[in-house]
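Undergrad: Residue-level listing of the chains:
There are 2 protein chains.
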Amino acid sequence: MNITGESLIGASCIKGGGADFFAFDPAAGKDLEPAFHTAGKAEIDCACELARIAFDPYRATAPETRARFLESIAHNIIGLGDQLIERAMQESGLPRARLEGERGRTVGQLKLFAEVLREGSWQDARIDPAMPERQPLPRVDLRLRMIALGPVAVFGASNFPLAFSVAGGDTAAALAAGCPVVVKAHPAHPGTSELVGRAVQQAVAAAGLPEGVFSLLTGTGNQLGAELVRHAAIQAVGFTGSRQGGLALMAVAAARPQPIPVYAEMSSINPVFLLPQALAEKAEALAAGFVDSLLLGVGQFCTNPGLALALAGPDLERFTATAAEQLAQRHAGTMLSAGIQRAYEQGVGRLASNPHARQLSHGIAGDAGKAGGGVPALFAASAEDFLADPQLSEEVFGPASLLIACKDVAQMREVAEHLEGQLTATLQMNDGDHATARELLPVLERKVGRILANGFPTGVEVSYSMVHGGPFPATSDSRSTSVGTAAIQRFLRPVSYQNLPQALLPAAVQDGNPLAIWQRINGQLKK
Amino acid sequence: MNITGESLIGASCIKGGGADFFAFDPAAGKDLEPAFHTAGKAEIDCACELARIAFDPYRATAPETRARFLESIAHNIIGLGDQLIERAMQESGLPRARLEGERGRTVGQLKLFAEVLREGSWQDARIDPAMPERQPLPRVDLRLRMIALGPVAVFGASNFPLAFSVAGGDTAAALAAGCPVVVKAHPAHPGTSELVGRAVQQAVAAAGLPEGVFSLLTGTGNQLGAELVRHAAIQAVGFTGSRQGGLALMAVAAARPQPIPVYAEMSSINPVFLLPQALAEKAEALAAGFVDSLLLGVGQFCTNPGLALALAGPDLERFTATAAEQLAQRHAGTMLSAGIQRAYEQGVGRLASNPHARQLSHGIAGDAGKAGGGVPALFAASAEDFLADPQLSEEVFGPASLLIACKDVAQMREVAEHLEGQLTATLQMNDGDHATARELLPVLERKVGRILANGFPTGVEVSYSMVHGGPFPATSDSRSTSVGTAAIQRFLRPVSYQNLPQALLPAAVQDGNPLAIWQRINGQLKK
Chain P
37 MNITGESLIG ASCIKGGGAD FFAFDPAAGK DLEPAFHTAG KAEIDCACEL
87 ARIAFDPYRA TAPETRARFL ESIAHNIIGL GDQLIERAMQ ESGLPRARLE
137 GERGRTVGQL KLFAEVLREG SWQDARIDPA MPERQPLPRV DLRLRMIALG
187 PVAVFGASNF PLAFSVAGGD TAAALAAGCP VVVKAHPAHP GTSELVGRAV
237 QQAVAAAGLP EGVFSLLTGT GNQLGAELVR HAAIQAVGFT GSRQGGLALM
287 AVAAARPQPI PVYAEMSSIN PVFLLPQALA EKAEALAAGF VDSLLLGVGQ
337 FCTNPGLALA LAGPDLERFT ATAAEQLAQR HAGTMLSAGI QRAYEQGVGR
387 LASNPHARQL SHGIAGDAGK AGGGVPALFA ASAEDFLADP QLSEEVFGPA
437 SLLIACKDVA QMREVAEHLE GQLTATLQMN DGDHATAREL LPVLERKVGR
487 ILANGFPTGV EVSYSMVHGG PFPATSDSRS TSVGTAAIQR FLRPVSYQNL
537 PQALLPAAVQ DGNPLAIWQR INGQLKK
Chain G
37 MNITGESLIG ASCIKGGGAD FFAFDPAAGK DLEPAFHTAG KAEIDCACEL
87 ARIAFDPYRA TAPETRARFL ESIAHNIIGL GDQLIERAMQ ESGLPRARLE
137 GERGRTVGQL KLFAEVLREG SWQDARIDPA MPERQPLPRV DLRLRMIALG
187 PVAVFGASNF PLAFSVAGGD TAAALAAGCP VVVKAHPAHP GTSELVGRAV
237 QQAVAAAGLP EGVFSLLTGT GNQLGAELVR HAAIQAVGFT GSRQGGLALM
287 AVAAARPQPI PVYAEMSSIN PVFLLPQALA EKAEALAAGF VDSLLLGVGQ
337 FCTNPGLALA LAGPDLERFT ATAAEQLAQR HAGTMLSAGI QRAYEQGVGR
387 LASNPHARQL SHGIAGDAGK AGGGVPALFA ASAEDFLADP QLSEEVFGPA
437 SLLIACKDVA QMREVAEHLE GQLTATLQMN DGDHATAREL LPVLERKVGR
487 ILANGFPTGV EVSYSMVHGG PFPATSDSRS TSVGTAAIQR FLRPVSYQNL
537 PQALLPAAVQ DGNPLAIWQR INGQLKK
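So the sequences go chain by chain: P and G.
Following the working numbering, the numbering of the first sequence begins with 37 at its first residue and continues without gaps.
Following the working numbering, the numbering of the second sequence begins with 37 at its first residue and continues without gaps.
Hints listed in this document are in silico derivations from the structure and should not be mistaken for laboratory results.
Backbone N, C-alpha and C define an ideal beta-carbon position, used for all residues, glycine too.
Hints are not guaranteed to be accurate.
As the list claims (entries may be wrong) - Dumping the calculated DSS-like pairs for lysine-lysine here, alpha-carbon to alpha-carbon at most 27 Å:
| hint | chain 1 | residue 1 | chain 2 | residue 2 |
| --- | --- | --- | --- | --- |
| 1 | P | Lys563 | G | Lys563 |
| 2 | G | Lys562 | G | Lys147 |
| 3 | G | Lys562 | P | Lys562 |
| 4 | G | Lys443 | G | Lys318 |
| 5 | P | Lys147 | G | Lys562 |
| 6 | P | Lys318 | P | Lys147 |
| 7 | P | Lys563 | P | Lys147 |
| 8 | P | Lys66 | P | Lys51 |
| 9 | G | Lys147 | P | Lys562 |
| 10 | G | Lys51 | G | Lys77 |
| 11 | G | Lys77 | P | Lys563 |
| 12 | G | Lys443 | G | Lys147 |
| 13 | P | Lys51 | P | Lys77 |
| 14 | P | Lys147 | P | Lys443 |
| 15 | G | Lys51 | G | Lys66 |
| 16 | G | Lys563 | P | Lys562 |
To be verified - Far from chain P by the CB rule (all over 12 Å, computed), these chain G residues:
| hint | residue |
| --- | --- |
| 17 | Gln238 |
| 18 | Arg378 |
| 19 | Arg394 |
| 20 | Ala401 |
| 21 | Thr517 |
Using the sequences and the accompanying hints, generate a full structural model.
TA: If you want it as structure tokens, here you go:
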């Protein structure tokens, strides 16, 4: 398939009127052909108007129709074959195995949402039959179902060119819910985005759906995204990226004449609590696992463990020594983009010059002649200093982490309480640590979206029970997840129907339950 | 029970340091004893800090404990006896029967949330068991449940001194969810608020719950509410009131270092579509029903029908003539407060002087010597003018409505499309109107939270299937309802647990299902 640098506006491919730009190969340190043409106001308006027009007919399609459509997108992505993987490798510097895995995950999440559509609980169908004899007043017939929120703007993420991008989690959830999607491609992987976008565009056409169900805007600069969020047709926003970027979109959305929800996943340092008994039992093994998790994907995961906490003492010293030693043997890795590497180096620089942080170790820098890459780095600080110095809580996106020595469990709890909202918290523990865990759990529940025991936070399962979210600033909206089946709920809202004739009721809440889904009748689930 | 004018801060009763004010009897036109003392910063801080302290132990209580607590609040409200009804009548000008009905509803909604707590689906318990043999990677054990969002600020509404006030829908939903509540009493009914607040305070003590589970701040002026929403401990806001008030709180919440969700129910004109066949069949009966709904409670319902639409022609003329005639025979009614009456008179004045609106009729003004009251008023305009003049779409809170003559169904649909978000839309229809209804329904679903057939929008059932909500500006968040059992979801967020030992898992997601609730296991509901 040809990469043309165009935006995909409904069924059309349009060369945007804005600035031209090129994808960049961070490993080779050079631009990639062809030129991409930034979408301008005309393209944004056209994509959003088409989405508006598509909304009613698309949301009226049967869940089975949308399920097949999602499966057809998955099929088309696989059909792109190795071209997709190779382009993604070039644009991201990520290795083949990682991208093949990410493609599997992307396809898997599309198929999982097809399952969700067929199962039907997402409609939250409810029926309270009329009670004409009720005293003092008769009860009306009331029914409720969830409907799609409206056209959704999705922002591709730099660090997951497939799974959090054009046909990633937000797009899959929104399309499942019945929302047309306008994607803004991330400029770090525009070719990958275009390929996947064409796969979706073809699935729209093959399913005979209105063309406005999907558009892909390509471009560079912040203007494009802000104008997209400002467009009156857009009714919700999905974003994964920096805190600064997320806050900017939240401000744009709140300033609209009609404010809209923004689901921004922003920053997280994912604390790992090394509880005393587990640390005593296996400090060295934990250190090895920790370094592996920290360096996975050159540390470029939202769930990267940027903080570890333990009680001061010989067990922590063993952990620290092993972690420092292992990290010192690891090489710098190519980062996703020059901008991300620059930000990482600045973050490491801030820690290195912070009087409260002590550098324990760093990895092996790249060849002098090459593009460099992110050099792993490990720092330590006391809990007192961590509590006093806000800079130590800042996310450094990349393979850097900070080890915090606490004087007792109470102080560990104090540090937990001090943390901002996070995507995850991890407890390394054994059976002897349950009492300590019980002290921490209520605090962690308030602070994070996912609590793990005896694993590491990298690795986000796509399933029914996943929460990839958490209190601000991990995300802009803790009531929601961006991964897993519960993500469909972010693009739905309830509508109730009072005394509507059966012939006019949506299938989900008709008597006789034609969709054969769970219905809540007078408060009781029935099928 | 003595009304003292104090704020109820946890278990204490504290005389606020701010300005003194009095409740006002709008029927008698005079102040009511005693003086109320506006809560100041110290009282706000104290209430919010107590709520913060209460949060973890309160949310950790068993659902059964909270269910009994809600039932005990209901019992205590009934126990206030006639004193509550009489004080509410004095402060609101509402008649006894209405307030007794509202008390029944308030008590009923507390009991309904007790039922919801016991049934347990609100926890959205999910279990994805580990798959250690899965290829290429083993699957972890993942479980999900909903937890409480945090302390909630609830703003009492002027127009429902009981059902949308101190122990109203938002308070019941938040307490059910496990959130402590800090209520700001509406200054139009501070005595009613204090009585109900004491009933709640006693229930907290009797249940042995942490005192910070409930506080009631009394006061006048906007400062109190803004400071409450700004307090770092507050994690969500429930508000029913004016668009201006709701927008102000949304701005305060968005400007916090940690933005929080605001559930503001603001303005709605609740269009009634008189479809052609129904209008031909029973124009006069519809007019009578319409006038009754419009004048109910002196038009002071969020769901008051402020707009009716029909096709121009003899049937609409019959409807108009009957409605105008019936309305002309109806008397002015005492409004809730001097401020509301002033705003109503200004709104009617704007319509009366609008060149595009024609006054059809008005009701009978009160005695010259008395406080006046809201005089019913009926206006008409063409659809063309309605589409062109934004002033005609503005809510006039009170017994005034506007009849819009459309030239055909397409224009009726155009008017529907032109409307802002609404709480409700009503279709008056018979079997011959189904095709017309089918044209309107997709538009109305996008515009409103509840669609009714052959009733009137006043009358909001408290049940499982009610949605009292809708797109902006009807509310600030269309994803939620303020009435009915689904309201509990506004105060919850998901947390997932990965590989946690059984002993540390919350009961809702333990193997063996000790709460005997619905659990979604590998995507399938089981009990």
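Undergrad: All the hints need checking, so say for each whether the structure fits it.
TA: Status of each hint after checking the structure:
1. For the given pair, lysine 563(P) sits about 13 Å from lysine 563(G) by alpha-carbon distance, which is consistent with the 27 Å threshold.
2. Straight-line distance between C-alpha atoms of lysine 562(G) and lysine 147(G) comes to about 26 Å, which keeps the hinted pair within the 27 Å bound.
3. For the proposed pair lysine 562(G) and lysine 562(P), the alpha carbon gap of about 12 Å is at most 27 Å, so the pair holds.
4. Between the alpha carbons of lysine 443(G) and lysine 318(G) the distance comes to roughly 20 Å, so the proposed pair stays at or under 27 Å and holds.
5. Under the criterion of a C-alpha separation no larger than 27 Å, the hint pairing lysine 147(P) with lysine 562(G) is consistent with the structure, at around 23 Å.
6. For the proposed pair lysine 318(P) and lysine 147(P), the alpha carbon gap of about 40 Å is over 27 Å, so the pair is violated.
7. At roughly 24 Å between alpha-carbon atoms, lysine 563(P) and lysine 147(P) fall within 27 Å of each other, so this suggested pair holds.
8. Pair hint lysine 66(P) plus lysine 51(P) holds up; C-alpha atoms about 23 Å apart against a cutoff of 27 Å.
9. Annotation: proposed proximity of lysine 147(G) to lysine 562(P) holds, straight-line Cα distance about 23 Å (limit 27 Å).
10. Proposed proximity of lysine 51(G) and lysine 77(G) is supported: the alpha carbons are some 12 Å apart, at most 27 Å.
11. About 53 Å separates the Cα atoms of lysine 77(G) and lysine 563(P), which puts this hinted pair outside 27 Å; it is violated.
12. For the hint pairing lysine 443(G) with lysine 147(G), the CA-to-CA distance comes to about 48 Å; that exceeds 27 Å, so the pair is violated.
13. Under the criterion of a C-alpha separation no larger than 27 Å, the hint pairing lysine 51(P) with lysine 77(P) is consistent with the structure, at around 12 Å.
14. With a C-alpha separation of about 48 Å, the suggested pair lysine 147(P) and lysine 443(P) falls outside the 27 Å cut-off, and the hint is violated.
15. Simply put, lysine 51(G) and lysine 66(G) have alpha-carbon atoms about 23 Å apart, close enough for the 27 Å limit, and the pair holds.
16. For the hint pairing lysine 563(G) with lysine 562(P), the CA-to-CA distance comes to about 12 Å; that is within 27 Å, so the pair holds.
17. At roughly 27 Å from the closest C-beta of chain P, the C-beta of glutamine 238(G) stays outside 12 Å, upholding its exclusion from the interface.
18. Every CB of chain P is more than 12 Å from the CB of arginine 378(G) (nearest about 27 Å), matching its label as outside the interface.
19. No Cβ of chain P comes within 12 Å of the Cβ of arginine 394(G); the nearest lies about 29 Å off, and the non-interface call holds.
20. The Cβ of alanine 401(G) sits about 31 Å from the closest Cβ of chain P, beyond the 12 Å cut-off, so the non-interface label holds.
21. The Cβ of threonine 517(G) does not lie farther than 12 Å from every Cβ of chain P; its closest approach is about 6 Å, which violates its non-interface assignment.
Of the hints listed earlier, those the structure fails to meet are numbers 6, 11, 12, 14 and 21, in rising order.
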